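Asks: Protein sequence lines, in the order shown, are assigned to chains A, B, C, D and E. Per this note's numbering, the very first residue in the first sequence carries number 10; after that it's consecutive. Per this note's numbering, the very first residue in the second sequence carries number 400; after that it's consecutive. Per this note's numbering, the very first residue in the third sequence carries number 51; after that it's consecutive. Per this note's numbering, the very first residue in the fourth sequence carries number -14; after that it's consecutive. Per this note's numbering, the very first residue in the fifth sequence carries number 10; after that it's consecutive.
Incorrect hints may appear among the rest.
Distance windows between CB atoms, simulated [unchecked claim]: (1) Arg571/D x Asp492/C: 35 to 41 Å; (2) Glu195/D x Asp102/C: 38 to 44 Å; (3) Gln242/C x Ser71/E: 33 to 39 Å; (4) Leu53/C x Lys395/E: 40 to 46 Å; (5) Arg571/D x Ala401/E: 27 to 33 Å; (6) Leu569/D x Gly501/B: 52 to 58 Å; (7) Asn387/E x Leu565/D: 14 to 20 Å.
No wet-lab data here; the hints were simulated from the structure. Note that the coordinates shown come from a computational prediction; the quantities given were computed from them, not determined experimentally. In this text, a Cβ means the ideal position worked out from N, Cα and C, and glycines have one as well.
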Amino acid sequence: MAIANYLYLSAILFTIGAVGVVVRRNAIVVFMCIELMLNAANLAFVTFARVNSNLDGQVVAFFTMVVAACEVVVGLAIIVTIYRSRRSVSVDDASLLKQ
Amino acid sequence: MINLALDIGKTATPESFLFYFLAPLSVLAAVGMLLVKKAVHSALLLAWVMISLAIFYIAQDALFLGIVQIVVYTGAVMMLFLFILMLVGVDSSDSLEENIKGLRLVAILSAVGFGGLLISLISRATFGRQIYGLAAANSGGNANGLAEQLFTKYVFAFEVVSALLITAALGAMVLAHSQKSKSQFTQRDLSISRFRKGSLKDAAGLPGSGVYALHNAVDVPALLPTGKAAPTSISAVLEARGDMIESSNFQLREEEEDK
Amino acid sequence: MSLLTVIGLLPLISALLIAAIPSKSTGLIKRATFIATSLIAIISISLATGFDKTSTGMQYVQSNPWISSFNINYAVGIDGISLVLILLSTILVPIVVLATWPEADGGRWGAKVFYILILILETMMIGVFAATDLFLFYVFFEAMLIPVYFLIGGFGSGNKSAAAMKFLLYSLFGGLLMLASIIGVYVIAGNQIGATFDLAKLATLQIDNKTENLLFLGFFIAFAIKAPLWPFHTWLPDAAKAASPGTSVLLLGVLDKVGTYGMIRFCIELFPDASKTFTPLIITLAVISIIYGAFMAIGQRDIKGLIAFTSISHFGFITMGIFAMTTQGMSGANLYMVNHGFSTAALFLIAGWMMMRRGSSVIADFGGLQRVTPIMAWTFFIAGMSSLALPGLSSFVSEFLVLVGTYTRYPVAAVIGTLGIVLAALYILIPIQKTLHGPIIDGNEKLTDLSLREKIAIAPVILVIVVMGFYPKPVLDLINPTAEKVVTKAGFTDPAAKVGK
Amino acid sequence: MTTSSNLLWLIALPLFSSAILILSGKRANSWGHVLATIVSASSFTIGVVEFFAMHGRSDANRAVTQKIFTWISVGSLNVDASLMLDQLSICFVLLITGVGTLIHVYSISYMSHDHDRRRFFAYLNFFIASMLLLVLGDSYLNLYVGWEGVGLASYLLIGFWNQKPAYATAAKKAFIANRIGDVGLSIAIMIAFATFGDVSFAGIKEHADEASSTQLTAIGLMLLLAACGKSAQFPLQSWLGDAMAGPTPVSALIHAATMVTAGVYLITRSNFIFDEAPIAQLMVLVVGGITLLFGAVIGMAKDDIKKALAASTMSQIGYMILATGLGPIGYAFAIMHLLTHGFFKASMFLGAGSVMHGMKDEVNMRKFGGIGKFMPFTALTFGLGYLAIIGVPPFSGFYSKDKIIETAFNAGGIKGIALGMATLLGAVITAFYMTRVVILTFFGNERWGHKDEPAESPALMLIPIGLLSIGSIAAGFIFSKGDGLVNWLQPVVNPLKEHHAEEFLPPIIVSLMTLVAVMIGLTVAILKYRGDQVAQAPEKVSVLVSAARRDLFQDEFNEAVFMRPGQSLIKILLNLDYILIDGLVRSVAATSLSAGVRLRTLQTGYVRSYALMMVIGALALVTTIWVVTA
Amino acid sequence: MLIAPSLTYSLLAPILIVLAGALIGVLVEAFLGKTHRPAIQLTISIGSLLLALQQLWQIRDSSSLTAAVNSVTIDKAGIFLQATIVLLSLAAVLLIADQENFVAQASAIPGSIEERSALEQKNQQTEIFPLFLFAVAGMMLFTIASDLITLFVALEVFSLPLYLLAGLSRRRRLLSQEAALKYFLLGAYSSAFFLFGSAFLYGYSGTISLSGISAAAGNGNDIFLLIGIIFVSVGLLFKISAVPFHSWTPDVYQGAPTPITGFMAACTKVAAFGAILRIFYVGFAQSQTQWRPIITVIAIITMLFGSLVAIAQRDVKRMLAYSSIAHAGFLLSGVVALNKDGLAASLFYLFAYGFATLAAFGIITLIRDSTGEVTDLNRWVGLGRKSPLVSAAFAFLLLSFAGIPLTAGFVGKFAIFSAAYKSGNISLVVVGVLASAIAAFFYIRVIIMIFFTDPVNNSVSVIIPSIKSKVSIVASMIISIALGIAPSLVLTTASNFANFVK
């Protein structure tokens, strides 16, 4: 099996995540899709670390996890705030600002 | 410069078994994430993808990351997601009907195109270098290797990440922490304030609940069963001081009730 | 500091002083502005007296670094062409100031703002003609739009904000095209002789044909919009109709001259080859402008629209004279700029007074004014006669020079242009008949004739119109050497007479 | 060449007087007319002085010049404001100032009731100054200034009573017709400059023979166009009739005696061009011939006394133009006819003015009749003028007209015969319509329909008429005595002293033919208009008469060919400007705006569509590299 | 054996000082009573920014690739950009300190009693200050980061506080929260793109440092490089709001508290462009043939789109958002120019645009009615009559955005277009010029509304600004005006500092 298969997987997962953001309306699910994209990127990093025979990629992946965790905290806080105001977590409901 | 095709980087057979077993499953799970109605199910499917990825990490000589992926990501982050899902209502289910016209079609088409092109591009690409794997880099242990990088090469980024963590904490607090707008009054405070207020009539406080009296003060006469006021119920001292209120004011007036 | 800089700064300083006067003492503001601008006019005349007529180089030069990163200098200097235009500006401004006392009160912000804007505009007008640094010129060229914009929008009438916007956008568009060309010139200069905006140095650039043509077009379209040449003219009638008469005088009398001035100073001096290439096209446009403007003027019902279209016709003459590339054409075009400034000023100011008295700008609302207000009628008549280039009045000399100069190179254009003088008779005589002649129309019986202030304001203009008709020599002497130099430097010589001397 | 400092004064005096009268406003009401008249007389005096001075010099040294200042000097174009008085111009100077002064005197009385009399005199003086400049200018450009100046004066005077819209329109019409002529003059000057590098008469004359005939023909044709405009020649004749809207002295001075003859002056002055340009000369003949008949035909049908006289003027100028077209020999006769015509036509116009004065400004001859006995002096002087114009010997008209007819026949060949016949026919018609005018006005029944009897005009009006009548009687004889005028003018107009190649007919035959022609016209007129007439013009008339009444459809023609198409062109252009040119500008704005409005809708407010936009953007980028690397 | 890395603290000090300020701010939040917090927080913020500025001045001539191992590059351009950010932040913090614009208590549900009582008690959410300082530090780091991970971390460090700050508007809180949500989701989305691209860059070059990527260029197959450039660009283009990654901009600009919008519009642009310039000039310069056409097209689309859509806006903040999109297009010309002039021009442009933007948003905070800021342009009608000075200032800024000569905008545009022309991108210049003409349309329309239309009877008025806002607005105005008339100092400085160490 080619190592590149990991990259294909990564690309597929990234695409799924990207399209998930577009098609899902629950803000939390949308956010989860973004997490999926970050994971896909991480997979690419880890794979490339193997290809490149250095650990930089893994370090980046590690950073990504930390950063993602922080992002999750902030993001979920924002989502909760919205939920408390509107009683809804649908991103479509948050569409007053337009045009 | 070596210019080798991608397929030079071959993996060992067990790893390919693992891959061919897990990769389709994780893709399925990821797709499922988009298709299932309930957010909780999505979260579980995502957890599954993450665990699969963790296994892949481990398979690719990233033992430490694999563990962290499970512990931090799947364990902590996903739990946070679930927690918030619980908070906003676990049964809240997303209607899968699209209400922005044409969006879904375009999205799917572009996703297919996007993924297809990416895969096509990757298939055309070459790594351009000999792949030696991570055996050398991990010779001192994967965690050690990472640690060394983290604390030397990337130490500044590592330090700055702390700012991120603080921001996250601070942000969560700003949005969630409710400062009590009033300080709690103690009984003593209430009592003092009652007596400081104007006339003494407030000093006694209001009647307890369930008492059918309009007033509960020492200067107000009690009512007799007939509804008449009983002047004698008031302390003579008050009467002498002139602090007594005219008791007839408090009689129940039948004629009014008849109306 | 060069005297030029001093004169350029004086209006700005005056503006600051005027700003210090309380808005309510409008009388003081008006008088102060008039005195200040008159003084500036007098001082500016000393520019002419101290001017070395024999030299074709820049005089009163001054150059100080301004934006050193781009090698942009505050560089000013004048030759004959710019000198007469500066004089035109400085002399017209006090006249406009004196002529517009009531009109300044009628605006949105009162007399103080009006005169401050006029003074700022004066500085920019002087600057734009004095700049010998391309960038500096552009700055004045564009910045000038802003005070005019506020003058039209704030003190105009009718559909003024739309007109102001049209004016500004149109000019800005042209200006931006020119900016693209300026950048091109700057970059080319950077590659060839080192980054510079110095006009004299830029004139020495060797630019390949295609690039030169494009750069030329950038400049030319900007100037063609400014000096409105058909088909870039549609902003002018709107602006002139909406603007107050005083603003219109400065707009048509001076500002639009920047366009024709720019054609000489920049299009021809910087891009002689491209000028040559485009001359047939430009002459064609100029001829169309002459005839088209005249026809449109005949069709106007609004007196301000009429004057605007006559100006389009006149600008056609000026452009034709410039691109005829003969000394007569060039000098004539230059002289035309000055003369048109004065005759249009006269027309607009008097038309303004007529409209102010009558409360209408529709030609049909007037009638019989010669009997009611003879002095006003006379001045209007003389201004009109000047506009139709009656011999003996100033415009004739310039129009004749333009036509003669054009004929020697482009006879057909000149002949068609000459037909314009018949149309000129129509577009001037028809409104004169309708406004000054005929029975006195109801509502005009009680119109008052020119007041002393108005007489004082218009007298010098009429005087200039008459004197310049008979004795244009002093101005021609200033213009001629420079005009000849421009033609020669562009690689042209006058076509020789077929026989005789 | 001799210089003289008097020439400027000739012009400057009337010019300044005009300016003073205009500028001093009502203050000058009491003395304005006096000043103007004195100034005019002074100019005349200077003219006389100059004439005698000139007369005293030898042929070669007669011309004097005066350079005033450098007017325009650009490159090779150098035009001085400079004046030149030669044998040709002195004729005009004397005519202009002489007749002008008489008309000033006449006007003092004629205009005495007009509260704008001062302005009238200002205009008159301005006219005199311009006309003098026209004839004194030493270059085409200087001439042009005077040329337009008289146009302006004519405009102002025709429109003197411009409160009447019709009069204002007439003034405008005159100016515009003149302007069309001016186009010709402008172009002629341009061609001249391009050809000779000079615009002065002397300079061009010197090199005229070196230029190609094409250029000279072009210049000649353009000059002819100019002459047509100013002299009301076909096809630019239509303004002259309307110009009678002006006060009668104006008609006498400007539209009979002086200004309208400027075209003749121009062609005569440009003899060095026309002599080298046969095609242009031929055109001059054609124009002159057509106009003399055209004017004569119109004149037969006019009931307005001034218009009848105007038509006659047109016709007589046609004679002059025709004469100028006859080459070196014709010029002098043209000038002679010009001068004699100046006298008799002026006197007749003034006489007509006198009649109108007596008839309360009535101009319709059908409402006159039998005035002769009430206004004997007017009738007499008018009669003298009449005899002069129809060419009865020994009145002045006979001498001049006869010479033209003779020269026309002598032009040779078919051309000569055609021209001769035309001029003869003109003489017939002239005799007819002038007789008609005289009969309808001064003889026959009284048809004015009110009881106020017309009274003879005051002396101040009659004296000038009388003086002019003397001119009508004697001028012809004086000028032709010993070929005096011809010889006088010869250095200017015929330097080579050409003579008739051969005489087609002996002069005496021609004179007899002319007399016969005059008698025919006269007799027909007497037969037709003897006895009582009615005050109404007959309704049922022949096609020719109704056409002549309508000026042979000249206005209809202009209206249909120029005015209406012009008006519709303007209408089209107005729409074009708004819809197409400005529309383009507006549509750019509108397109930007609607693009903005449309693109704005991309901003749906849905975060998911924003994400989609990003995906599509990324997709586009990925596609690009996919294509690029393929 | 782990060898302790050596950090050159003096060079990192500007960032560290700001971070320290933030941390002290957090401690103040934790331990000090709320009455004194606003003043103390403001003092800390200003103090740390000034200190950072002073430190930047100290190190102005330094240049180092190894100040923090290899994570950051200290060079002239970086120092200029950092100084720009700090200066802009100083002006912004004064606007932010005017708490009138911020929610009293973010956790209170909009419209609840709790919110009302928080308002009554004049509560203040002073956490804004440390969040602000974190953002500033992140931005400063973003401009000097020289490897992908530091870039990513810096991106998040300045983004996360902004996500939060965007949601803290006092009025129209639902809109504000919505803005925060949109900003956050799309921001995270773009981060994911950035990260994905980084992975491919790493895969291509085997390193994550920009110089490493640059050095690896040309080793044959550059598909990974291209994928990497594309995806990293998406992340960065999002931050500078280039079309089609711009869509968050109008919504967030409108919904966020106006001082934050100003801060975001000015400083984020500087930081993001600083990073873009560094990445493209340093990391991708070798592969310019591939990316320059792409960025050129994006620049063109961005200029045109921003200018066109701005015409159709009725809300002044949205209009400025689209204007900022158009300006991003202009600035991208500087990126495409890929020469020293382009860099210098971009530096100047960012500086000038930053102050003009801050001043503009500062003025917007002043235009109010009884319910708060009025951003509906229809209600700005006739403002010129009510308060000529403020209107004139705003008009001046609009003219500056439009690029009328004698304003800083013009000098910037000239500089950037001449750099683009010099690099041969004439199409960019032409389109830029056209877009400027379109853009002038809406700026001028606003001026017409303000000055030439009579006020309708409404209660919009200009409040008398607090001394803090006043200082900020006046200072920004003075800088804007000075940059128009005498830009030489800043231009020369920008030119001297236009240097990336590779």
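Asks: For each hint, tell me whether it holds in the structure or not.
Replies: Evaluation of the provided hints:
1. Arg571/D x Asp492/C: 35 to 41 Å: Roughly 37 Å apart at Cβ, these two residues keep to the hinted range, so it holds.
2. Glu195/D x Asp102/C: 38 to 44 Å: holds, 40 Å
3. Gln242/C x Ser71/E: 33 to 39 Å: Given about 37 Å between the Cβ atoms, the range holds.
4. Leu53/C x Lys395/E: 40 to 46 Å: holds, 43 Å
5. Arg571/D x Ala401/E: 27 to 33 Å: For Ala401/E against Arg571/D, whose Cβ atoms are near 30 Å apart, the range 27 to 33 Å holds.
6. Leu569/D x Gly501/B: 52 to 58 Å: At 35 Å between Cβs, range violated.
7. Asn387/E x Leu565/D: 14 to 20 Å: violated, 33 Å
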